[in-house]
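Enquirer: Protein sequences appear in the order of chains X and G.
Going by the numbering used here, the first sequence opens with residue 1, and the numbers climb by one from there.
Going by the numbering used here, the second sequence opens with residue 1, and the numbers climb by one from there.
It is worth saying that the hints were derived from the structure and are not from the lab.
Be aware that a few hints might be false.
Claimed, not checked - Per label pair, the in silico range of CB-to-CB distance:
#1 LEU432(X) - PRO434(G): 22 to 32 Å
#2 PRO257(X) - ASP351(G): 33 to 43 Å
#3 ILE476(G) - ARG202(X): 17 to 27 Å
Every value quoted in this text rests on a predicted model; they were computed, and no experiment measured them.
Ideal placement from N, C-alpha and C gives every residue a C-beta, glycine not left out.
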Amino acid sequence: MVEHGDIRVVHRGGSKINFREPVITNDSSFLLCASGECVKVFSTSTEECIHDLRGHTDLVTGVLLKPSNHLQVYSCSADGTVRLWDFTDGILIKVQLDSCIVFAFTVPHPTLSVMHLLTKGKDEKLFQLVAVHLPQSGDQLVEARELSAVLSDVSSNPAAITIGRGGEYFASAKGLQLEVYFFRKQKSYRFSLKEGNKKGGRNTFTCVACHPKDDCIATGHEDGKIRLWRNFNHKKEYTYTTLHWHHSAVSSLRFTPEGTNLLSGGVESVLVQWRYNQESQRDFLPRLGAAITHITISPDGALFCTSHSDNKITIIQSCVKVSAVIQGLVKGESVRTDLMVDPRSKAMVLNGKPGHLQFYSLQRDKLLYNLDIVQQEYIHESGLQQFEVVKAAFDASGNWLATVEERKQKAAELELNLKLWEFDEQTQSFVLNTTISAPHEAQITAMCFCHAADSQTTMLVSTSKDGHFKAWQLATPARPSWSCDFVGAYHGLVPKCCCFSADGSLLAVSFQEVVTVWSPSSWELLTTLSQPPGAIRDLCFGRLSCSKYLLGTTASNLLCCWNLLTCSCKTNCILEHLHGHQPAAVFVFKPSEPRPLFSHKAVCSGKVTRAVFAPREDMLESCEESSQWLNCSQLYFLTQYMDLMTFITKAEEDRLMASSKQLVIDDSVAMTPFYLLLGKHRQQQQENQDTLSTLSAERTPLPQGSVAIKELLQTPAHVLPSTSFLCSMFVQSLLISESKHAEEEMESEKEEEDSEGEMESSTSRPREASLAGHATETAALALTKAQARELRRVKKLDHSWLSGLLDS
Amino acid sequence: MASFKPTKIQVYPKLGEKVTQDTLYWKNYKAPVQIKEFGAVTNIDFSPVAPHNFAVTAFTRIHIYGPFSQEPVKSFTRFKDTAYCGRFRSDGQLLAAGCEDSVVRLFDVSGKVALRMFKGHTKAVHVTDFTSDRYQIVTGSDDYTCRLWDIPNATELSTYQEHTDYIRCGVTSKLNRDLFITGSYDHTLKVFDARVDKSVMTMDHGQPVESLLLYPSEGLLVSAGGRYVKVWDLLKGGQPLVSLKNHHKTVTCLSLSSNGQRLLSGSLDRHVKVYNTTNYKVVHNFDYAASILSLALAPDDESIVVGMTNGILSMKHRKSPEEAKETSGQPRRRPSYRVFVKGKNYVPKQDDYLVSKPVKQHLAKYDKQLKKFNVSKALDTALESWTRLRKPEITVAVVKELDRRGTLKNALAGRDEQGLSQLLNFLIGNLVDPRFAPVLVTAAEMILDIYQTVIGQSPVVDRQLLRLQELLEKEIDYQRDLLEVLGMLDTLFASSLPKKEVPCSAISRSNGFKRQRQTYGLALVF
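Here chain G stands alone, though its shape is the one from the complex (with noise of 0.2 Å):
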């Protein structure tokens, strides 16, 4: 006597996003922290030295957030007014920041008080940054100048006034003290040399400027400004290498992955991309909650921080590889312990009679009414609201067992109003998909004999049929393009390809005729 076998539901290939190495590695985060600042997070900055503290720039104050932290480490409170980037010097001693009221300021990242105040912008300061040999600073103001400061004297050394609207960014290099970038609302990014009194470059973006990043190698140079992404390469006197435009909102920040195989960028579109530097491909994406002005990854990408426009700044830890292994496994809830342990440490005694007990087989409920040939019920199971609208191939796994079974038509028969909308409901979210067309189609062809003649008593079903006879129409005509694209493809293979077979056109072609065969069929019907 052999046991119930259950119905086989088809395991079907997972459209949409790949699995790719990628995905896996970026998905490999925890839960984000979210902590909510004072205001839209301005810019983010790491620490260049362990334990890699991270500077955040919101409103009128900055936060230091230690790795872990949830709770800034150190703020910085004494602006009058908005702050701007603050950026740690590369021994992560020293912070500078700009501000609303063009004076920038330069903190001990341990003390309190600013050590230095540069005063001689004459509009807000949104851009700072220490140069390579740590002893000045670089900004940028809404003023349209770019400034060269001296630390140890607070002195200005030099102005470049070439820009022609507000600085929103820029870098120095960290190979060649006297070199550094800004990008400007003017669509220009400018290559600055301390050495000399003028730009000894000059790129064309486009658009207004919203963020640079240099390459570690710096011969290549990513702008952003925009809805676009752009490469320079630095080494061909700024030609352009490729531009990118997967954003559908102006590109806010860049960040590269730290062993530069991969760049990040953040938008308002709310997207995180990463692309593979390489073939500048998406191989990534992340949705966050709102608009996203700053991004930051820390070294070894052990945590992703991104700040938004409302404020929350979102932190994202990388999985340990044991808890990396913990999720692997499905979270699901399982029976409690005693429930296993319930009577198998009872030793027998000696003249105990043993009873085998045999191992009951555990059947989904449809599977339970099909043993019993209860057909009309174990459609019904199939067709409750959570499998129909989640797990739809366990639905039409079970239309398609009744057939199997030649029990479908008894199984469709017999529904009330709600019943039939629920059918033909069902029947107008999956008929067109490609995997469920073959066993729909009949189904719905049964419907259609069955339900005849109670067209028009029902307002509710009738609107139902008509748009399942619009639907169809639709995907007729579908298809019918597509088997012209599919014509136009075989002509042009035909013709560059001469002599050789080209099997995967004529499969498809013959796969096509015979999805438009069957919604013709139904159609017919109509």
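The following block holds chain X by itself, in its conformation from the complex (with noise of 0.2 Å):
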């Protein structure tokens, strides 16, 4: 088996968004926050996620913005690293390297210039907060040695641990126990709680907030209960009171930037808002989709977000509305349906939401919507039992689903639901068309749907524990309801998996060690096939030319492949090396071939738990004979810890790569009064300076692409500058230089320069890694002329307002 070189492991969406709280920058127009190994920009308006930072090698565990420079931010990772990062650009400007793994930052401390970070030694159990000083060098590359650690044995939880009011002190809590370690006196206070009280509230802490004006700590505790510490600097006198609204533990706590307004949530997902000092006054927004496991507040104070267990960011305007939701794939324990792709959209289906399916195009790496299965009221509270979405189908026109839906009382027998949808064309969504109470008497191990595309009826086989496989079919009286057609059983066996053929005209069932095969138009059971050690795991037709193979897996490593013609074992191939310790494989055979066609070992840690063949858009003409299979659809597949990966090839890494360049940045400066008012100054001044420059540098090849257009046509007449002003530039953007590209590229380097320049003056701090940074960059980047100038002329539309604000 041969390893292939050329194609590669990569990840593709669906890595956390909430696993440590999102930042919203100062003028709250992005939203950054730690993704996989990368960190993610989002505008808040749009939700759209603008660009990645990309340049860490683990996971990203934390995102702070320099209190020094609003524009850049740092991350730190689980490599040992920390980076500074200008966000609106997305270049990386430095790199910081530690001898021990980050795991989060803190609240920067406000006239200190150190970090201080959540660390773990390599072999160390305890975590600790350290200090570290930022050297002020120019290096792109900083070794930082000065660790001093400044608490030890501190909670893993960064929400345990913050600053307090003026960074006069650090408030911790782990346990039962608060810490609170004053900086000038060098010395700290600890005060602990019982562990729990007589109607058994657990006291345990679970978040610590600070008063931003007072000295005041808010604390959170495992049975819903919030504690607002005061005179706490005094080891006796300390007194605290307490709010109760939670019914379980309060997973985040913060205040607002004037201190006038608590926030809170936890697993209820109700953000709760808490007046300051008038604490019987609270405001709700319930039902926000699930637990709420982080809250931020931007430093205006207009916009909370809220970071959810399903891998949600919710931005809410001033507590009352939600204006924007940033949704990734939703990861829930497990995903017991499996992977599929509706056909209509090609989206990949799976779990999502408790009760909802998530359609989740690969294509965008973007969530397209949950479809909500249950249509019950979630009833956020630990340790319910709820309905749950364990089988869904698609038939092959992507007309009808089918799902099932369990919840399995303490006591009590097993509640299903088998439901069957069907696609409505007015509004392209899925609708309920039957519902179908205990379709089996015990749980549904397998269904699938009649692929047959020129069929007359619809069918859909339904396999059960109870021992029974029951056939569904559409009957069309007045309306088109579902109905059982017929209930088969073998030997009282329990069904496990079962497959139609590619024409309908077969259907395969396999009750532990043996595969039925069975006529679907008259219900005979036609042959049976067995591989005696082991009982059937998966079943599956071949397609196409490889329609007379049935292949199924065993419980004992073995593939088996029946031939249907001569209904004999063809191929038995025995993966003994799954049973060994490499962690993870994949393998992708022929039916027709006893050898794998591909295989990669290790592919990620943990298991490969699902996959599934997603088609692709574009068909990929790999002439190489290795990796042919990828040509028509990709192969995508789950691990245990739920991230979605996928296989690529090397010409298509460099395609995408080409492409993703190519993107550009759209996030222009809203047109306000204020911005008209000194921008066009600044513009005007600009203009008059470098005539000749700025003349070629805002022509582009076709008018209707050019930005003066789209400015005129898109921006709201009320707020359009004067139309002298105007139509010089609309008069620019329809010129055609005749020079070609040897001019062209002396005037990029020459406009190059000039922006250079233009941030110099705009921001007073040196800024030479920035260009050493920026300049090697272009050049890996490998642009086009045209694209670079693009690129170079709406960074610099950007910064002229700010430039001008401070020139005036």
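Dock the two chains into a complex; use the hints.
Expert: See below:
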């Protein structure tokens, strides 16, 4: 078995965006959050991911705005580095190496120029809080040696450590103890609580927040209580008041920047706003969808942002209105429905939020929508048995969707519902057609539609642990609805899986070691196939040229292939090494050949749990034999830790990389009156300075694509600048320069210098590092000249208003 | 922020009658028009010609009603005693009627005074009919004779003295002018041919015959007597074809629906049953307020007219197509027009700032309470007597929802005697209903757990608990019997169908097992 060098495993979407609390930039227009190995920048108004900040080699564990420069952001990662980014253009500025694993940032200290990190030694168990002095050197790679431990033995949860008013003290909670460390006095006070009270409340601390203006620490507890601590600079005379609304653990607490309100959230998925000093007054924002894990407040206090356990970030405007929802691939505990591909939208379908199916677009790496299957109010309470979607199946044309939901109560029997959804052309979504309650006596193990495209009747087969398999057929008296057509069994054995052949003429149902083949038209048992050692785990018919083969995997690591024309077992491939130590491997077979076409060992950490072939939108034209199987479709697989991965060829990767570089960051500054006053002035000045260069810089080959035209057409009329100003821009955009590449190059270089000069004037900090980074980046990108110029021009446009502000 | 999802009320398949084409057809009548006559309505006859007036014989009068009138168009009142059997001639011009005073009268429909009086019978005449040549009248009387009369001369042509009891019904053939059939209280039907002087065929009904009906083809004869309706094949020499026993009192009248596809029978048990004439199965059933004596259908089933013993004549007219459509929608009271129009026709001015108003979701009362997590109140709302009695599925759905939320115990607990007895009443009413049993068994177990300590404190609750126990014991016995039957059926199937799977029995058996297990479990708690 050969390892293929040019086929690579890549992460494809689905990484967590709720792992750490996100950061909102000072102007409230961007939201940055750690997502897998990169930092994602989202727009708060459009919910779109603007770009990724890539560079870390391990999980990013924290994001923090640089206190002295609000256009830069620090990120720390489990690879032991802290990086500084300029997030508007996404260029790496500084790398700092550490000798230990960094777990999170804490709130920055307002006066000291140190960064406090939650770290763990490579082989230690305990977490500690260390302070790092950032060396002000221009090198790209800096080693930080002077680590000074501030607090040792702190909680691993970054929400349990915070800095108090004016940076005077640290508050850290672990277990049943709150520790307050004063910088001035270099002294810490510890306050302990009893383990529980009479009513069984558990007092363990879960999170801590400090009031920004007042000496007050708010702590959240496991039993849902919030305690407000005061007078904690004395060992004995401390006091606390208790607030109680949450019924289970408070997972996040935040004070608003002015300190007037306290926000709290937990499993209930209700954002609670308490008035500071008037705690009886509360505001609620209920039904946010899933348990709240983090709360973030923008520096001006206008936007709240809550992270949820279903991999979602909700942006809330002043605690009343949800303005945007950034949703990643929802991750439940497990994917009980298999991965499927919706034949219509080509979206991947799997379990989503509790009781929902999610449709995830693989091409755009974006959640399309969640289909509510259970249609019941979800009660956010841990330990409650809820309905879960356990099986789903699409028919060949995507007109019908069958889902099974089940709820297992503690003592009573199973509740099962089989639902059939019809695609509605008008609303472009699935509409419930039939609900069959208790379709089987026991859990449904498998379900599949008849795939024949031209057949008159639509048929669904479900197998269950009660020893029967049932065929459901669409009956059309007046209004189409589904009813049971046939019930079959085989010697009282439990059926495990079922599969229709590609033309719909055969149905294979596996009963432990035996595969039975039925004819769906007459419901006759045609033949039985068996492969004694090990029960059948999965069954699949071949397609197209291989439609005569029936494939099955057994519990004893055997892949069997039966030829249905001769009813003989053709190939046995024993995958022994699966047993061994190699954690995860993917094999790709052709049904007619016993040797795997492709294999990849150790694709990921943990097991590969599910895989699906998703059709490509445009065929890949790869002539290499080794990667031909990736031409028509792409193999996506899901790991034990719910990471979605895929295989990608070298050529495709290069192509993707190139296309991603072409994307222009279109985040132009809003046309405010303020901008018009200053920005116009500035731009005119600049035009006078270098008429020639800007003239040609404004030019683009097509007038329609020009920014000037776009601005002219898309800006509301009442905020447009004067016609005289626009006229020159418009005319310029129509001009076609005679000079070609030779001249262009010179001009663009010149322009680059211009832009650099402008940036220097606008921000007074030395920018050598950024310059260097910039230059190398441009070289590496290998952009076409026109694109590079476009990029730079856009960049200039963004900063012009700022520089104008500083100049005046 | 998603909106609150209301509790889902499970829609159960309706038990009892299925909606078929027949039920739709026979339900498509307007509310009946009822007219009080002076005495029992003994006969109704539709005029064969348009506009299809009908003659109603009641007490000493015969009224003729128009197809849609509620007042008689005409009445014949010149009877000395009770009139019987007013029948139209096939051209709709003449009407013959018998009388208690043994005189048969013949009226012109447009006139008032009898045209002819046929005297010769010695007792009340209950049967009169015109022969198909329109010139003769057949009469049957309580003096055991039936006679044939000539209309122009008003003379008696022949007398048949074969019956040995009252003759109470008879029909003439529409195809042959010489054939007529009579039915008598001596349990026999006799077919007479005027060309010979005795009966040509005799059939034994087994009960006093009350009504006779010939099929339009005249191959089949239907007779009603006692609780039976019997169909005879005349072409096979009077061989009995079917015997129907669907009424539980004497069947008094018969009628064919005009296309001959359906047969209607009215009875003293106050029901009219509709049979399919191909398989003689009852396809529909009408209920009336009193015992039915007479029944007639207008051509094309435009109306059903029924006469009853208490003198009430009930007329049902078929709905016109547009009316039928109207009632298919729910005749629900809707808010007035003004509510919808309010503010809708206001045109915003140029600089008005439009504030979009969120659409308010309407929630049922129990849903509102569930939304606020007021679980006890929600259960109280669902247990209100109207919901509990009329829509138990709502109550069950709320109980199920509470169970799903894990708060059913809280909602059930802390009730006083009245509340508890209300709850127990509901359980007694619905616990053994197979649709509700899975949910209610859980609830019942919880109730018993919670209120174990208060048993013996209230006689009301104790009595109800005892009733519940009895109910469960009965249900267990019933389930055991059912299982025995299923076992027998399995044996039968196994012996009759070798090798084939018997899915139905297997499934229903396990259903039965489950239910029994549930009820056993609950019985053990007692």
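Enquirer: Cβ-Cβ distance between LEU432(X) and PRO434(G): within 22 to 32 Å?
Expert: holds (24 Å)
Enquirer: Could you say whether the range 17 to 27 Å given as a hint is met by the Cβ separation of ILE476(G) and ARG202(X)?
Expert: With a Cβ separation near 45 Å, ILE476(G) and ARG202(X) fall outside 17 to 27 Å, so the hint is violated.
Enquirer: Does 33 to 43 Å hold as the CB distance between PRO257(X) and ASP351(G), or does it fail?
Expert: holds (35 Å)
Hint 3 from the earlier list is the only one contradicted by this structure; the remaining hints agree with it.
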